[in-house]
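**Q** The primary structure of each chain is shown beneath.
2 protein chains.
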Amino acid sequence: MKIIPLKETVSLKRAINQGTDKQRQTVAAILEDVKKKGDEALQKYTFMFDKVEITDTLVSPEEISEAYDAVSQDTLNIIREAINNIRDFHARQVQQSWMTTKEDGTILGQKVTSLDAVGVYVPGGRAAYPSSIIMNVVPAQVAGVKRIVMTSPPQKNNTLDNIVLVTAHELGVKEIHKVGGAQAIGALAYGTDSIQPVDKIVGPGNIYVALAKQLVFGVVAIDMIAGPSEIAVLADRTANSAYIAADLLSQAEHDPMATAILVTTDHSLAEKVAQEVSEQLATLPKKAIAEEAIQHYGAIYLAETMEQAVEAVNELAAEHLEIQTEDPWAILPSIRHAGAIFLGEHSSEPVGDYFAGPNHVLPTNGTARFSSPLTVEDFTKKSSIISYSKQAIQSQASKIATFARLEHLEAHARAVEKRLED
Amino acid sequence: MKIIPLKETVSLKRAINQGTDKQRQTVAAILEDVKKKGDEALQKYTFMFDKVEITDTLVSPEEISEAYDAVSQDTLNIIREAINNIRDFHARQVQQSWMTTKEDGTILGQKVTSLDAVGVYVPGGRAAYPSSIIMNVVPAQVAGVKRIVMTSPPQKNNTLDNIVLVTAHELGVKEIHKVGGAQAIGALAYGTDSIQPVDKIVGPGNIYVALAKQLVFGVVAIDMIAGPSEIAVLADRTANSAYIAADLLSQAEHDPMATAILVTTDHSLAEKVAQEVSEQLATLPKKAIAEEAIQHYGAIYLAETMEQAVEAVNELAAEHLEIQTEDPWAILPSIRHAGAIFLGEHSSEPVGDYFAGPNHVLPTNGTARFSSPLTVEDFTKKSSIISYSKQAIQSQASKIATFARLEHLEAHARAVEKRLED
Numbered sequence: 001m002k003i004i005p006l007k008e009t010v011s012l013k014r015a016i017n018q019g020t021d022k023q024r025q026t027v028a029a030i031l032e033d034v035k036k037k038g039d040e041a042l043q044k045y046t047f048m049f050d051k052v053e054i055t056d057t058l059v060s061p062e063e064i065s066e067a068y069d070a071v072s073q074d075t076l077n078i079i080r081e082a083i084n085n086i087r088d089f090h091a092r093q094v095q096q097s098w099m100t101t102k103e104d105g106t107i108l109g110q111k112v113t114s115l116d117a118v119g120v121y122v123p124g125g126r127a128a129y130p131s132s133i134i135m136n137v138v139p140a141q142v143a144g145v146k147r148i149v150m151t152s153p154p155q156k157n158n159t160l161d162n163i164v165l166v167t168a169h170e171l172g173v174k175e176i177h178k179v180g181g182a183q184a185i186g187a188l189a190y191g192t193d194s195i196q197p198v199d200k201i202v203g204p205g206n207i208y209v210a211l212a213k214q215l216v217f218g219v220v221a222i223d224m225i226a227g228p229s230e231i232a233v234l235a236d237r238t239a240n241s242a243y244i245a246a247d248l249l250s251q252a253e254h255d256p257m258a259t260a261i262l263v264t265t266d267h268s269l270a271e272k273v274a275q276e277v278s279e280q281l282a283t284l285p286k287k288a289i290a291e292e293a294i295q296h297y298g299a300i301y302l303a304e305t306m307e308q309a310v311e312a313v314n315e316l317a318a319e320h321l322e323i324q325t326e327d328p329w330a331i332l333p334s335i336r337h338a339g340a341i342f343l344g345e346h347s348s349e350p351v352g353d354y355f356a357g358p359n360h361v362l363p364t365n366g367t368a369r370f371s372s373p374l375t376v377e378d379f380t381k382k383s384s385i386i387s388y389s390k391q392a393i394q395s396q397a398s399k400i401a402t403f404a405r406l407e408h409l410e411a412h413a414r415a416v417e418k419r420l421e422d
Numbered sequence: 001m002k003i004i005p006l007k008e009t010v011s012l013k014r015a016i017n018q019g020t021d022k023q024r025q026t027v028a029a030i031l032e033d034v035k036k037k038g039d040e041a042l043q044k045y046t047f048m049f050d051k052v053e054i055t056d057t058l059v060s061p062e063e064i065s066e067a068y069d070a071v072s073q074d075t076l077n078i079i080r081e082a083i084n085n086i087r088d089f090h091a092r093q094v095q096q097s098w099m100t101t102k103e104d105g106t107i108l109g110q111k112v113t114s115l116d117a118v119g120v121y122v123p124g125g126r127a128a129y130p131s132s133i134i135m136n137v138v139p140a141q142v143a144g145v146k147r148i149v150m151t152s153p154p155q156k157n158n159t160l161d162n163i164v165l166v167t168a169h170e171l172g173v174k175e176i177h178k179v180g181g182a183q184a185i186g187a188l189a190y191g192t193d194s195i196q197p198v199d200k201i202v203g204p205g206n207i208y209v210a211l212a213k214q215l216v217f218g219v220v221a222i223d224m225i226a227g228p229s230e231i232a233v234l235a236d237r238t239a240n241s242a243y244i245a246a247d248l249l250s251q252a253e254h255d256p257m258a259t260a261i262l263v264t265t266d267h268s269l270a271e272k273v274a275q276e277v278s279e280q281l282a283t284l285p286k287k288a289i290a291e292e293a294i295q296h297y298g299a300i301y302l303a304e305t306m307e308q309a310v311e312a313v314n315e316l317a318a319e320h321l322e323i324q325t326e327d328p329w330a331i332l333p334s335i336r337h338a339g340a341i342f343l344g345e346h347s348s349e350p351v352g353d354y355f356a357g358p359n360h361v362l363p364t365n366g367t368a369r370f371s372s373p374l375t376v377e378d379f380t381k382k383s384s385i386i387s388y389s390k391q392a393i394q395s396q397a398s399k400i401a402t403f404a405r406l407e408h409l410e411a412h413a414r415a416v417e418k419r420l421e422d
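Residue numbers (this note's numbering), protein chains in the order written: chain A, 1 to 422; chain B, 1 to 422.
Warning: the hint list may mix true and false statements.
When chains are identical, the list treats them as one kind, so a pair holds in a single copy or across two.
Said to hold, decoys possible - Straight-line C-alpha distance at most 25 Å; calculated BS3-like pairs for lysine-lysine:
| hint | residue 1 | residue 2 |
| --- | --- | --- |
| 1 | Lys2 | Lys35 |
| 2 | Lys36 | Lys7 |
| 3 | Lys390 | Lys272 |
| 4 | Lys7 | Lys399 |
Derived from the structure by calculation, the hints contain no laboratory data.
Only chain A is shown next, with the shape it has when bound in the complex (with noise of 0.2 Å):
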């Protein structure tokens, strides 16, 4: 890894993938086809793209029973262990319906009710990630959410993966449909006979899915469009060289443009992890992709004071922030923008991918300066709640309706001085 004197500001070269225009014209098509012919055109494109012929997309129950057989139970008790960790991290977050009264009989408030319907979309592809599915699911379960849609692309044997089956049904979604890509998202934001459509659709996918996202959002909700990879470790001389190389790792060997970068105030340190980094990537399966990443995506940056440090992490807003110091609870309070944060040496990342508890879909390019990790309220919305006393509106319906005639609205303050007119 490069070592490089930071500047006043870190310039972080980011990729995102936007998609080409025939890309975003193929998506368009697929998505107005599944709009007009519904399950025709979702089992046309399922034999086009996965080169399988269905007829039924749901997920039977013997498909799922013959998922159990297939699974040891070593497993399936970590996934349980796992499920269990971050519904109790979730179940934190549930916010509550709220009022506030006052003396004239005004009663003002916020409800918080939970989304009625939500699609998640699990990609295919050669390795299976259930714990996409438990992040993705779990808060829209705690929220309230009472429809949650899976979808994914079936595999050449017209069923889905295993593990994805049994985490699906430890987590109790009921409804999994054997259909991706495009025609997954069209079918979840306008519906077809078999898929009733949803209010929110969230999960990865493939340029494709992120395209159709794009293109169905303001008819549904949709999560965030998530890029590459990041991990930014702010450490100090204090520091084991050999964690944080790991740590880089662990998310280089994501992407190719995945972005793994250490701040450090410590020269020798930096010499450290950049040797255990060259050392440690030599035998990762995942060697090609990593050290793509690292060459061109991965820097250590020397800060000459920790507050130089601080100021370059915030400035990256890096969607995975370890702070490795002598006292990270001391650095804390200065960060401004992270997705998640991992204090002390034990806090390795992959900690918060599987299993910690708060949630691995998190804020990248930058936009931690403005997002957040998915929460239980991205499945629930608020409603203002506003009742008014005769009391109160007598007392002061002539200030309203002089602020609405301000603003030249006078059909608004007629209405309020009606209710003085007995």
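Chain B: place on chain A using the hints.
**A** What follows is chain B alone, placed relative to chain A:
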């Protein structure tokens, strides 16, 4: 107004102005120009669109003090009382950072941080909307946003409307720039020599402003794009037809595409409201606008049962919902989708536009199914907090590593296992 028997589903025509391709290209070109040429581009477009030559966009203390001279003490008092009410309500929305600890030394939590900088767009045009300034600035201030920048197109006399300036000053907004349109959005997103960039842009605007906000989304956060105003009233035979008519018209006067709908179980009320709407309409200054809205987007639905009526208003998912029934609080729990809910005959909708306290920036176009009023939370973001002790990582590392390997992420597994080495 037409009286229509309520069928199983309510179909609501809704109009959204998504702009033309030509408008989109114009806006994209302006944004690009502002990004490249900064203040020079701002001057150019201000001269082109607002017919005003500006060299310094910043509003001066003299302009503020002249604006105060033109505003009456009465008006000032009403604005101050509105600000107080709205600040009091929003102060109750403040969320705290929180944490949970486990006996093995684990600390998990969520850190709430305010955004660094927010831009509030204030439209120009014939009428000034001080309420809009208050509703966008107050939640940002309550959230703790340090820098709030207001931008608004200059009038012919090279300054802003008096009420706009006074309201901004009363709120404590220090940085007010005389620049509007897409060029203002470009300046807020990319920054110029005289306007530093922000993290989020809020506030209403014309189609050019709305398109510009969509195009800079991702570089900065934006609020939702508001559609035409909507009101739905749910009423039984106990309701006051004159009140209902006045409230329907208060929204109809906003826009020829505004929606005004009554859903009632009482035929006689339906007829009386239709009659009252005609009568009250006749003398409104904005008669032409309100009449067009009522004609095209207004309707009275006659339901057979209150359950059916409630389901209909849930399907409408209106921006504003009034419940004018014998016992509105008994109905509240059944309301799943509405931006703001007004309970009882004294709770006239305009009460919520200026004065009561809750925000008047509300989801339109059926997005109340998944969106919320503007809140303090919209000006904060969260970071997950994860702190593992040595004991915690050592007892969980092998489980986390197993999970990582399920997902074929070997570097993740090794990062946690590294912590077992000593």
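**Q** Would you mind marking each hint as holding or not holding in the structure?
**A** Going through the hints against the structure:
1. Lys2 with Lys35: neither (51 Å within a copy, 31 Å between copies)
2. Lys36 with Lys7: between (56 Å within a copy, 24 Å between copies)
3. Lys390 with Lys272: between (74 Å within a copy, 23 Å between copies)
4. Lys7 with Lys399: neither (56 Å within a copy, 41 Å between copies)
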